[in-house]
Each structure stands twice: as structure tokens, then as C-alpha cells.
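From first to last, the protein sequence lines stand for chains S and H. Under our numbering, the first residue of the first sequence carries the number 1, and numbering increases by one thereafter. Under our numbering, the first residue of the second sequence carries the number 1, and numbering increases by one thereafter.
The hints are simulated quantities; they were obtained by calculation from the structure and are not laboratory data. Be careful, since some hints might not be right.
Derived BS3-like pairs (lysine-lysine); straight-line CA-CA distance at most 25 Å [unchecked claim]:
#1 LYS275/S <-> LYS122/S
#2 LYS30/S <-> LYS120/H
#3 LYS22/S <-> LYS145/H
#4 LYS182/S <-> LYS302/S
#5 LYS763/S <-> LYS302/S
#6 LYS16/S <-> LYS80/H
#7 LYS80/H <-> LYS721/S
#8 LYS182/S <-> LYS394/S
#9 LYS145/H <-> LYS16/S
#10 LYS652/S <-> LYS452/S
#11 LYS16/S <-> LYS5/H
#12 LYS145/H <-> LYS80/H
#13 LYS13/S <-> LYS5/H
#14 LYS182/S <-> LYS312/S
#15 LYS721/S <-> LYS452/S
#16 LYS30/S <-> LYS122/S
#17 LYS274/S <-> LYS59/S
#18 LYS537/S <-> LYS563/S
#19 LYS5/H <-> LYS122/S
#20 LYS150/S <-> LYS302/S
#21 LYS433/S <-> LYS448/S
#22 LYS13/S <-> LYS145/H
#23 LYS150/S <-> LYS95/S
#24 LYS22/S <-> LYS80/H
#25 LYS182/S <-> LYS319/S
According to the in silico footprint, chain H covers these stretches of chain S (three or more CB under 8 Å from chain H) [stated by the list, open to error]:
#26 498-510
#27 710-720
C-beta: ideal position from N, C-alpha, C; glycine also.
What follows is each chain in one-letter form.
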Amino acid sequence: MGVEGIGASVVRKEDKRFITGKGRYVDDIKLVGMTFAQFVRSPHAHAKVKGIDSSEAMKMPGVIAVLTGQQLVDDKVGNLICGWAITSKDGSPMKMGAWPAMAPETVRFVGQAVAVVIAETKNQARDAAEAVVVTYEELPAVPDVRAAIKPGAPQLHPEAPGNVVYDWALGDEAAVNAAFAKAANVVSLELANNRLVPNAMEPRSAIADYDAAEEHFTLYTTSQNPHVARLVLSAFYNIAPEHKLRVIAPDVGGGFGSKIYIYPEEMVCLWASKKTGRPIKWTGDRSESFLTDAHGRDHVSKAEMAFDKDNKILGLRVKTHANFGAYMSLFSSAVPTYLYATLLSGQYVIPAIYAEVMGVYTNTVPVDAYRGAGRPEASYLLERMMETAARQLKVDPTELRKKNFITQFPYQTPVIMAYDAGDFHASLDAAKKAIDYEGFPARKAKAKTEGKLRGIGVSCYIEACGIAPSKAVGSLGAGVGLWESAEIRVNPVGTIEVLTGAHSHGQSHETTFAQLISERLGVPISQVSIVHGDTDKVQFGMGTYGSRSLAVGGSAIVKAMEKVESKAKKIAAHLLEASEGDIVIENGEFKVTGTDKSLALPMVALAAYTAHNLPEGMEPGLKETAFYDPTNFTFPAGAYICELEVDPGTGKTTFVNFVAADDFGRLINPMVVEGQVHGGLAQGIGQALLEGAVYDENGQLVTASFMDYTMPRADDLPSFKLSHTTTLCPGNPLGVKGCGEAGAIGASAAVINAITDAIGNNKLEMPATPDRVWHVIHGKAA
Amino acid sequence: MSTVKLTVNGRAVSADVEDRTLLVHLLRDHLNLTGTHVGCDTSQCGACTVHVDGRAVKSCTMLAAQAAGSSVTTIEGIAKGDELHPMQAAFRDNHGLQCGFCTPGMIMSAIDIVHRYGGKLDEATVRHELEGNICRCTGYHNIVKAVLDAASRMKVAQAAE
Ligand code: FES
Ligand code: FES
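Bound conformation, chain H alone (with noise of 0.2 Å):
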């Protein structure tokens, strides 16, 4: 056992672990945190996906202990208030999501490549970026929808602010 401490979506906290917990179990086990899913048990799906100190990492890849002292931003932590964020608006809005599943991870996955690409992103892109994150139900194409759209809002934000 061992105490890892860290920031999860602005918040300082502290759990006592099993050395061996994942990054993904400290989460959903330890703090509740259960809109960051499991949907595989090799790495593969990205349903697991959240923000290590600003990038997008699949957090059944790795330790709790090894996000000792990172600042993590889940999908419970993205929207201001009531106020979604673009990427969560624009899924809504293209119809980028059924059971739900997949959607937490395809949304933090997202927002990371819109932040690599800037307004650079196109649909071949975006499918690119995507392999590391499965859906069963959507077919992606209002997934990818979704993104470029989410892209195009997130550029009008920034040069706003």
C-alpha cells in the first residue's frame, strides 16, 4: 500500500492504494470518478482515456503511483459549470455518441487532438487519431463530425478569450 497523492480535475487529493492499482481504478474506485470507463483489458479501446498533466493517456496504462504529484483532468472535470465544453457540446450536437460508452474517452481523446492540431485537423486526420479509441455503436462518422465541428468551435473560443 502506499499513499499517492495528486490533482483530479483542480482538486488536490489523496488515496491509499494497492501498489499495483491502475491509474483507471484509483478513479472509479477510489474517488468516484466513474465516467472514465474500462472497456478492455489490453490497451486497445481507449474508453480509459483522461489528461495527465494536459495530454490525452489511457489510464489503464498506467500506475496510480505513477500519476503521483500530476495534475489529471477527467470528463467530469471539463465542462465550466453548466457551460459544456465545445467538444462535449459538439458530440451532443452531431449526434457523436449512442450507448455512451466509448464517449468519455473519444471526448478526452478529442480534445487532445484538437490541441496538437490546431485548426490543421481533416476528416483523414481525425480518423487517424481516433485508432486508439474503439466504438461499437456510432461508425465514428458523427464522431468525426463531431470533432471537426468541436475544432472549429474551440478555434473561435480561443481567439475570443
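Just chain S, same shape as in the assembly (with noise of 0.2 Å):
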């Protein structure tokens, strides 16, 4: 590896703008003439739209427009779109009511905006918004999902009778049954995963500017896929044709998921500009990230597990109910179903397994992917019942997870995935090495005299990104393909620019994109830079998410700098007259093995473009362009453990010790993909402890600020302790795994298995606050 290539920590190029207060946010930037957007929205979770009197609003200074949803409609903007069609068990289609920007007639959750203001000042648009009166007819609203599919419960989209938006199965039903019918042992279990709010620290922020010269929009906005928001704007909300809609994403400050989708302020903002002929920006400020930012999770599940008598796992049954929200977000669908049932076979031999999921709607506010995105429900569950099952069958966690262990790859599981790589043992084994798994009885013996109750908690997770193949999905109801793009262009003077599809927000692309380029071509990463984020600059690309970047992205740059390195390898053989075979690249050099000719890699490129003399018939220019779309999903896995102590009289829990033991295949930069890890570790264990959206029972969301709704802070986390282990994924040309999700995936099992080793009782939900633990400690209902 050279000191910059891969497998090396290089500290982020990247960083030097961030620390020194020259990022380049949306709600950063500022255009000449620049209004402000101040939405309308609703108080009710559940309530007709009986009329919109803003005479009030337009008479304030500032004030250029007041629009409804009305308008929208009669100016024919689609309706936001679910890219992921279901199909029922039954063979129907998924249960879908239209969702519009702006309610025109019915709201269904608090927060969904009725009305915009357009103002001079952002304070003008938000008092003459307060002025704008909506008369509302309040309907009964039902924010729980098991409330809404009981027969009488409120009504929420006369498209979908129940509230049901499928019922849908995977696995083998009958096969199951058999199985069940010859176990020893069955375990079972009934456990929530609770809602979350994503919470990037950057609100969303919008702004758009229509030329009307030109008929063309400028749209920058906090998105994770700037490419196919442009897509869905254009192709399903009428804004405009793509040629005349640019999307810019600059720097943006966290996703986790919540920044995929293409929310209804983004196309108000752009409608509205043409409308009012200025520049609008919009920025939510953290209530309204709250109220209107995709949640995640929200299931409720009872499973079962059949065991023989020897504690080999037999066969598996789940039944899942997922809450949507009040609308079908643009990948929600895909969620509870593809990137859920489809992982529950885990780290284990199970012969047959059998999920059902029923997608309902609810008051609340739409639920889609956030980090892990149906992959921690299948984790969790899975993790939590195979600690279940270890206590009632009185054998050590560990032991009975060896003994079910997947050893033999490629393993086809009974639910779609096909498993390429991995090593359970390993990582298992060296997690429980750095923990120090057999000495904790003393140390659970010492905690005791001095009060503490301790427990160790175990969580071996696999999880599928970089998801793929484009074919696949799309055969499964996936509206769009998974590829991605890159084009690498050598200057004529040697620079390197990386076209890349990918997005970062966050994840240290402009270093380990670098990283790849100067492993191939030797050059320091200070002469690549890595271009992203912009449809005007970047052809196509399918953006940053479900930990696709490097092992999709740094595949399709990988292929593209094939093609440049084999052009370049042309020049300089015809050159340096020396036949191409004996071309070697070193230090960025092209040398004639054997011999002391060379050419430096800007000699090479400049030829390419002064074109005076290439070989026969060759184009000038050095600049290559690949798609690449994976054969396979990567498959991370691993095995975490947490040690904690819980106070019995307080309930509170105290960490002792977290470890991670991660498979991801190669490393670029370990630096960055510990980060990866430490972040996502966090936000599990945030979900274990901490965070969890309530809604009360008319559909408030009373969890609405960071007063309510516990982040995690610095002083609820341990400093973690990480290791890897490594089998190269055989599907991409890099043999890397996804990072980005696992720490979110596999810690919040973990953290509850050790809290309820702990106290003795498994009852425990999630987040396990210390007035939770207390009460179940203590025997008495919370």
C-alpha cells in the first residue's frame, strides 16, 4: 500500500472547511433577490380542511404570496410518490392514498403543511404565517398500529379499507409448520422496536430560484441523491423536464436516511418560485424536523423459534405490523419487507423461515428508512430470541450461537439472500476475547457485593448493502435500478477529478475516493479531487444510502480508472516504444519493465490532450466514464458485546465495557470506517436507552424537541472498543463491505441483552430508561 493508498488512515481532506467554519450548507447560501418560505401547518393529527382565509397574512409587510394546496392541484404538481410497489399475499397490489404537498382537503398528521407564505424576511413569513386562519373539522385520529386495524378504528385513505397498506408473507409457510410440529423446544417472543427520529443535526433546507428566461430551475437542498430528486421531480411531480432542473446538494450535515426522500417542501419551494418569479429558501427549523422528517422503525412483532433437541434451530415464524405513517413515504414500502424479512435468517442455519408483515397507516407522521433501515428490526429480533432462547435452554449465548452458526459459504438462505462471505466464529470469538467473556462471572460476583446487578449482552448481526442487482430489485417492485456512476478525468497537466454518483454527507468520500485513485495511479491525494453532489456536474448517480458508496460507487470508479489506466497504459507504450504489455504504473509513473524508461503520469496525460502524436487511430483526451451495477448485495456481519452495571435502586445503567468486532471486508481508511462504526453504534444504543417517539393517544406528537426526545449525548456513551476481522467480498472488484449501518444494526440487542442478563427478566422494551428498568426490576408495571 502506498502511504496513501489503500488501508491507510489519512486524516480527511474534507475536514480543513469544516473546522474552520467554511462549510458550504444549504442554509449557507444566499441569491440575489432571495425570499422566504414559511409553511402553514397543522395543529390536528386528523382533520378536514374546511377553509383558508389568509386576507389577514397578505396585508403584512413582506408578504408576495400566500398559497394553499388547492393551488397545487390546479396547477396539476404530482403527488409524492412510494417507489417500491408490494404485492399482498393475496396477489393485490399495495393500498395506496394520495399523498399532495399540501392538503387541500383532509390533514392526517400534525405537521402536514396546508398553506406557504412567501415573504421578503424569514420573520415576515413566519408572523404572517401565524395571521393565515385554517378552519378545521377534527376527525377521530388513531396514531398506534395495533389501534388501526381494529375493526371501528378511524378511517385514514378510503384506498386502503382498514388502514391496511398490505399483508404480505415471505418463506415457506408449510415448511415452517413441519418444522414447529417436530421441535423440542420452542422459544417465543413478542417485542417492539420503537420509533425513531433520524435527527441529523443540519435541518432540512430548501431553496430554489426559477429563471424564467430560460424555463429552468436551480434547486439546492439537503439531499442525499440530488440525481433522482431531480428524477422524481421531473418525471413525477411536473416541475420541470431534467434538462431544466439542476439539483445541488453541497455540503450536508447529516442523512441516516432522512435526507433520501423528496419531501413536499422541496417542490413547493420550486413551484412556488415560478410563481412568484423570486428565489425562495426554506429552512425547518428542529420542530419541524420533528414533525415532518421521515421517523424510522415503529414495529411490533411476535415470533417463534423451533429448536431439536440437540439446540439446533429448526424453523422460525414472525408476524410483523409495521406503522407507515400517514402516508406511503418513497421508500417506506421496501423497509419492512425486502430489507427486513429477507436478513431474518441472521448469522444462522434456519431451514425454513416464515414472515408475515402488515403495513398499516396511522395519524402519524410517515415512517421510511433511517440508518439500518429494516435490517436492525431483523437483528434485534433475531438477537433478542436467540438470548431468549439460550436462557431457556439454560446453555451459554455464545455457545448456542456456534452451534447454529452459518460456516459454509455461499449459503443460500430461505429468504432471498444468498450470502457470499463471512466468518461468525471469528468475529464472535474475537469480540468475546476482547471482552474478556470468561471472566465476567467474578466480575459479575464482585459487582454484586457492592450492589450493582451486571450483565453481558451478545449480538452477532449480518446485515445486506450495497443494494443490488439492479435486475433484481427491480423484479422485487423496485421503481428505480441500484447502480452507480463515476467518470474520472485526467487533466492535461495530471490532476484528477472523480465524477462520482455517490453522495457524502458525512461519510469522507473526497478522502477515500482519493485513496483509490492514488493506490492505482500513484499520485497523492492533494492532486485528486472528488466531485459530487451536482446534477449539471455529474451525468447520473443514485446517491448515498443503505451503505452503498464504496462497495457501488468505488466499484463503478474502480472500472472507470480500468479504462483510463489502459488508454494511458496505450500512450505511453507508443510513446516510450515499448509494447503496452510491459507498461507497469509506479509511483505515478509508467515505466517499461526492465528497462529505465519511464514517463510521469502528466506526460501521459498531456500527450492525450496536445494529440500530436497518439497511436493510430486513437481519440484524443483521457477521460472515462463506467456504470457499474453489483452482482450481489455485500454482507457485513459481526458480533458485539456490551457489559454494563444497572443501579437496582435507581435503574439506571452504566456501561462497563462495548466491544465491536466487524467484518467489512477491506479497509480504505480504517480511521474513517471506526468513525462509520462509532457513529452508528451510538445511535443503537441510543434506540436501546434513550430515544424513542411517542405519540399520545389523539396524535400529538408530545416527543417534539431535544428537551423530549432523549439524543444521546457524550456522557451516555462508553469509548468503544473496535476490532475487524476480514473475508473479502468476491462480488466487487474492491472486496469491501458496507460500514456505514452495522454499529446501528447490531448494538441495540446488545445492549438490552445485557440489561435483562442483568435483572434477571427479559420483559424489558426498548428504550430501557431507568424508570422502565426500575419498574421491571421492581415488578411493578411502568
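Two chains, two frames, some hints: make the complex.
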């Protein structure tokens, strides 16, 4: 490896602007003549909009326009779409109600926009929005998923009788029934996966700018996938044809899934910019983030696992109810189906699996992918199941797992996935060693003498990321392909620009992608620029989510680099009068093996552009493009072990140790990989201990600010001990797997398993707040 | 409307602002110092932290008018030309940032923490003191490392002065 190539923990190129306050986020951008939007939002979870009186607002200083949902309808702006069609087990298509960007008739969750005020200043827009009088006729609301499917429950959409979007199943029900019929032991578990608010620290923001002369729109937006945004805005929302719409996602302050979707605010700002002839900025405040960013998780499940007399798993049966909120967000339908049930085999040989998932409308904020998206729900269910089973079967939980680990690869699970590589024993052994698993009983006994309840909990996760191949996801209902593109431009002076369809909002692409180039072409990373996040610069791309950037986007870069290299070698061979096969690249030099003849990359590049002396018939220039469509998902896996103490007097949990042993295949920049794991672990631990979106029975979000929704803070978390084991991913040229979501997928089960071990009671839901834990310890209902 | 005069990053500035204008908006909207961020509307996240007369303050909790006559330092004002402040360098060297949105506030808080504790900082103290700054990306692990690293760099720098 070179000092800046693959495997080097180089510090990040992007950091300088962030640590000096020179980052450029959407809200930092000002356009000449820019106006401000403020949305008028429903205070009710379910109501008819009877009238909107904007006459007072229109008289207020600086107000340019007050626009309503009916005007959107009149202008034929499209409704929001859901991009993945799921078919119910009876063969019927999913049943969706319309989601207009501003509600003309009915509001279905608190915070849904009904009108927008455009004014000269932000304060003027705010003041005027308060003066818009909306008359509502309140309707009964149902925020809870199980209540929503009861007979007599309030109905959200006429298109979805009983509030059921779909009733879907995966797996072989008869085989599972047969497995349970011959079981020596059956373990059952009921659990909820708590609803989370993503809370990227940068609130969503958009600036729309319409150029009437060119009939052209520019949108600056906090997006994880600007090209997908342009496609959807163009093809489905009728904003403008794609060549008349430029979408720019500059520095984006975290996403975690919540910035994948194309939200009503962006649509409305674009449309309103044309209507008013002025650039319009909207920046959500944190309260709006809570009320309008897509939430995550929110499942309730029942599961049963069948074991034979030797504690080998025979089968798994799962029934899940997934809360979708009031509308189907862009990828919501795929999350509790193809991103969830397909991971229910975990790291284990489970001969038969049957999963049923009912997706349900409720009067809450729409729910969609949040870091992990379906895989955390699967992993949490399965890993609590394994721990519960070990306790019931009275065997060590790590031994029960080891007995059932998959050891032969490739391995075809009964739920679609074909795992390509892994070594689950290696990661569990590494984690056990790191935490001194064997010494735990002695530590527990000692803690007891100090009045503390000590517990240890294991979680062995596997996840599927770099979602692919396009053909396969298409056959499962996806509306898009999931490839990635790359373009490499070697400039005449030998510096390099890499254009990628992936988008970095914390993932460090400007550094790690440059490392890929440095490794191959031997140039310092300072001579490589990564260009992303602008539809005018990058031709097309699918963006960043699902831990896909390196496995898919990085592979596209490798493919483009191969083409550049091949052409450059031809040029070098021609100039050095050698045969192409004798050219090798070392430290940025094209050398003829066995001789001292060489040419530096800039000379080769210059020759490509002067075109004075190129091989016969060769086109000038040194720029190549590649599209990469993966052949399979990648399957990161690992083992997390958490050791903690519970104070029986207060129910408070204190971490003693948290170890993670992950297998991400080849690491490009270990420092960056570890940072991704830290962040994921924090979100997984946050889910386990602190975070939970709570609605009251009327559909009011009770936890709608950082004062009510507990974000993990520095003193809530331990320092983490990380290690890596390695099996290379055979499916992509770099041998890499995704690392962005693993922590969030694996951590929550480890924490809850440790607490339930400490308190000797398995009936514990997330978040395991001191209050909840205390009540479980003391045998009282919380 | 009133005219607020104060010193920002060593320069005397004056701005005409609405009375309800917060210090953070004076900095961002009137002075174009957009390194100071807004991450919440309840004074919880710390993304807006700046120094007012040498102490870390959440600039969303203060009216611009209250800062009249004060000396304010923002993230843009702590490096000496091309030479990064030791806290900035430590954040970069320890990978204490990912998306960078919380980072200016983190750095401004962290400098104040080191000033207040001098060399007597340990991990638990740093974690406790960072309670007013939320980061969603890093899990704080590398932020804590960066602050401890910077504390020793700043001690060395002080000794050298
Ligand atoms: S913006 Fe000031 S504390 Fe969040
Ligand atoms: S680095 Fe993204 S919020 Fe801290």
C-alpha cells in the first residue's frame, strides 16, 4: 500500500473547511433577491380543511404570496410517490392513498402543511404564517399501529380499507409448520422496535430559483441523492423536464436516511419560485424536523423459534406490524419487507422461515428508512430471540449461536439472500476475547457485593448493503436501478477529477475515493478532487444510503480507472516505443519493465490532450466513464458484546465495556471506518436506552424537541473497543463491504440483552430508561 | 430596529437589526459568518456556540442587542492565518468530525472547557462538559479523543509562550 493508498488512515481532505467554519450548507447560501417560505401546518392529527383565510396575512409587511394546496392541484403538480411496489400475499397490489405536498382537503398528521407564506424576510414570513386562519373539522385519529387495524378504527384513506397498505409474506409457511411440529423446544418472544426520529444535526433546507427566460430551475437541497431528487421532481411531480432542473446538494449535515426522500417543502419552493418569480429559501427549524422528517422503525412483532433436542434451529416464524404513518414515503414500503424479512436468517442455519408483515396507516409522520432500515429491526428480533432461547434452554448464549452459525459459503437462506462470504466464529471469538467473556462471572459476583447488577449481552448481526443488482430489485418491485456511475477526468497537467453519483454527508468520500485513485495511479491524494452532489456536473447517480457508496460507487470508480489506465498505458507504450504489455505503473510513473525508460502521468496526460503523437486511430483526451451494477449485496457481519451495570435503586444503566468485532472486508481508510462504526453504535445504543418517539392518543407528538426526545450525549456513551476480522467480499473488485449502518444494526440487541441479563427479567422494551428498568426490577407495571 | 455595535473576531462591526434578532442570526445573516450553525430551536444542541468575552455561549440564547459592546469570537476567528488553532487541528487529526455540522460549536465549547480545566481534564470530565453539544455522526468517541489531545497541545503551546 502507498502512504495514501488503500489501508492508510489518512486524515480527511474535507476537514479543513468544516473546522474553519467554511463548510457550505444549504442554509449558508444566499441568492440575490431571495425570499423566505414559512409553512402553515396542521395542529391536528386528522381533520378536514374547511377553509383557509389568508386575507390578514396578505396585508402584512413583506408578504409576497400565500399559496395553498388547492393551487397545487390546479397547477397539476403531482402527488408524492412511493417508489417500491409491494404485492400482498393474496396477489393484490399495495393500497395507497394520495399524498399532496400541501393538503387541499384532509390533514392526516400533525405538522402536515396546508399553505405556505412567501415573504421578503424570514421573520415576516413567520409572522404572516401565524395570521393565516385555517378552519378545521377535527376527525378521530389513530396513532397506534395495532389500534389502527381494529374494527371501528378511524379510517385514513378510502383506498386502504382497514388502514392496511399490504399484508405481505415471505418464506415457506408449510415448511415452517412442519419444523415446529417436530420441535423439541419452542421459544417465543413479543417485542416492539421503537419509533425513532433521525435528527441529522443540520435541519432540512431548500432554495429554489426559477429563471423565467430559460424556463430553468435550480434547487439547492439537503439531499443524499440529488439525481434521484431531480428524476422524481421531473418525472412524477411535473416541476420541469430534467434538462431544465439542476439539483445541487452541497455540504449536507448528516442524513441517516432522512434526506433520501423528496419532501413536500422542496416541491412547493420550486413551484412557488416560478409563481412568484423570486428565489425562495426554506429552512426547517428543529420542531419542523421532528414533525416532518420521515421517522424510523416502529414495528411490533411476535416471533417463535423451533429447536431440536440438540439445540439446532429448525424454524422461525415472525409476524410483524409496521407503522407507516399517514402516507407512504418514497422507500417506506421496502423497509419492513425486502430490507427486513430477508435478513431474518441472521448468521444462522435456519432451514425454514416464514415472515408475515402487515403495513399499516396511522395518523403519524410518515415512516421510512433510517440508518439500517429494516435490518436493525431484523437483527434486534433475532438476537433477542437467540439470547432468550439460550436462557430458556439453559445454555451459554455464545455457544448456542456458535452451534447454529453458517460456516459454508456461498449460503442460500430461505429468505432470498445468498450470503457470499463470512466467518462468524472469528468475529464472535474476537469480541469474546476483547471483553474477557470468560472472566465475566467473577466480575458479576464482585459487582453484586457492591450492590450492582451486572449483565453481559451479545449480538451477532449480519446485514445486506449496497442493495443490488438492479435487475433483481426491479423484479421485487423497485422503481429504480441501484447501480452507480463514475467519471474520471485526467486533466492535461495530470491532476485528476473524479465525478461520482454517490453523495457524501459525513462519509468522507473526498478522502477515501481519492485513496482509490492514489493506490492505483500512484498520485498523491492532494492532486485528486472528488466532485459530487450537482446534477449539472455529474451525469447521473443513485446517491448515498444503505452503505452503498464504496461497494457500488467505489467499484464504479475502479471500473472507470481501469479504462483510464488502459488508454494511458497505450499512449505511454507508443511514446516509449514499447509494447503495451510491458508498461507498469509505479508511483505515478509509467515504466517499461526491465528498463529505465519511464514517463510521468502528467506527460502521458499532456500527450493525450495535445494529440500530436497518439497511436494510430486513438481519440484525444483522457477521460472515462463507467457504470457499475453489483452482482449481489455485500454482507457485513460482526459480533458486539456489551457489559454494563444496573443500579437496582434507580434503574440507571452504566456501561462497563462495549466491544465490536466487525468484518467489512477490505478497509480503505480504517480511521474513517471506525468513525462510521462509532456513529452507528451511538444510534443503536440511543435506540436501546434513550430514544423513542411518543404520540399521545390524539396523535400529538409528545417528544417533539430535544427537550423531550433524548438524543445520546457524550456522557451517555462509553468509549468503544473496535476490532476487525476480514473475509473479502467476492462480489466487487475492491473486496469491500459497507460499514455505515452496522453499528446501528447490531448495537441495540447487545444492550438490551445485557440489561435483561443483569436484572434477570426478559420483559423489557426499548428505550430502557431508568424508569422502565426500575419498574421491571421491582415487578411493577411502568 | 436598533444599531448594535460589537467586536467580532477582532474587528469592530455595526449592524441594524430588529430588536428580536438573536446573536446567531446577526452573525449568520448580517455578517455572513455562516460557520456558526443553528441545529435546534430550544437551545439544546450547541451548534451555535461562540465565545462572548472569552466564554462559550450558545448564540441562539442571546439577543444581538445583549452582545452590544462585547467581543465575540466565532469559529472563523480562532485560526491564526493558515495556522489552525490546536483544537481545530486535534479535531482533524483524531477524525472528530464527519458531516461537520456540529463541529464549529463543538470546537468553541471544547476550547472553553480546556481553558476552564487547564491540564486537569480526563475523559469523564470531557464527556460531562460536552453535554450541551449534540453530535449525531461521531458517537463522540473521537470528539472526546480530540479534546483530550488538544488539551495537551494547548498546554504545550501555553508553556512555549
Ligand atoms: S442552535 Fe443554539 S443550541 Fe441549538
Ligand atoms: S459531525 Fe455530524 S453532527 Fe457531529
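Results of checking the hints against the structure:
1. Straight-line distance between C-alpha atoms of LYS275/S and LYS122/S comes to about 19 Å, which keeps the hinted pair within the 25 Å bound.
2. A threshold of 25 Å between alpha carbons decides the hint, and for LYS30/S with LYS120/H the separation of about 43 Å lies outside it, so the pair is violated.
3. Under the criterion of a C-alpha separation no larger than 25 Å, the hint pairing LYS22/S with LYS145/H is consistent with the structure, at around 23 Å.
4. With a C-alpha separation of about 20 Å, the suggested pair LYS182/S and LYS302/S falls inside the 25 Å cut-off, and the hint holds.
5. For a cut-off of 25 Å, the pair hint linking LYS763/S to LYS302/S stands: about 13 Å separates their Cα positions.
6. About 14 Å separates the Cα atoms of LYS16/S and LYS80/H, which keeps this hinted pair within 25 Å; it holds.
7. A distance of roughly 36 Å separates the Cα atoms of LYS80/H and LYS721/S; the hinted pair therefore is violated under the 25 Å criterion.
8. The suggested pairing of LYS182/S with LYS394/S holds, with an alpha-carbon distance near 20 Å, which does not exceed 25 Å.
9. A threshold of 25 Å between alpha carbons decides the hint, and for LYS145/H with LYS16/S the separation of about 18 Å falls inside it, so the pair holds.
10. About 10 Å separates the Cα atoms of LYS652/S and LYS452/S, which keeps this hinted pair within 25 Å; it holds.
11. Annotation: proposed proximity of LYS16/S to LYS5/H is violated, straight-line Cα distance about 30 Å (limit 25 Å).
12. Restraint check: the Cα-Cα separation between LYS145/H and LYS80/H comes to about 23 Å, which is no more than 25 Å; the hinted pair holds.
13. Using a Cα cut-off of 25 Å, the hinted pair LYS13/S and LYS5/H is violated, with the two alpha carbons roughly 37 Å apart.
14. Proximity of LYS182/S to LYS312/S is assessed by CA-CA distance (about 12 Å); at most 25 Å being required, the pair is judged to hold.
15. Straight-line distance between C-alpha atoms of LYS721/S and LYS452/S comes to about 23 Å, which keeps the hinted pair within the 25 Å bound.
16. With a C-alpha separation of about 13 Å, the suggested pairing of LYS30/S with LYS122/S holds against the 25 Å cut-off.
17. With a CA separation close to 22 Å, the supplied pair LYS274/S and LYS59/S stays within the 25 Å bound.
18. Of the supplied pair hints, the one linking LYS537/S and LYS563/S holds, its CA atoms being roughly 20 Å apart against a limit of 25 Å.
19. Restraint check for LYS5/H and LYS122/S: the C-alpha separation of about 23 Å stays at or below 25 Å, so the hint holds.
20. For the hint linking LYS150/S to LYS302/S, the alpha-carbon distance of about 17 Å falls within 25 Å, and the restraint holds.
21. With a C-alpha separation of about 23 Å, the suggested pairing of LYS433/S with LYS448/S holds against the 25 Å cut-off.
22. Between LYS13/S and LYS145/H the alpha-carbon distance is near 20 Å, which keeps this suggested pair within the 25 Å criterion.
23. As the CA atoms of LYS150/S and LYS95/S are separated by approximately 18 Å, the hinted pair is consistent with the 25 Å bound.
24. About 15 Å separates the Cα atoms of LYS22/S and LYS80/H, which keeps this hinted pair within 25 Å; it holds.
25. This hinted pair checks out: LYS182/S and LYS319/S have alpha carbons roughly 21 Å apart, not beyond 25 Å.
26. Beta-carbon proximity to chain H at under 8 Å applies to 4 residues in the region 498-510 of chain S; the threshold of 3 is reached and the given coverage holds.
27. Counting residues of the region 710-720 of chain S whose C-beta sits closer than 8 Å to any C-beta of chain H gives 8, which meets the bar of three, so the coverage hint holds.
Violated hints, in rising order: 2, 7, 11, 13; the structure is consistent with all others.
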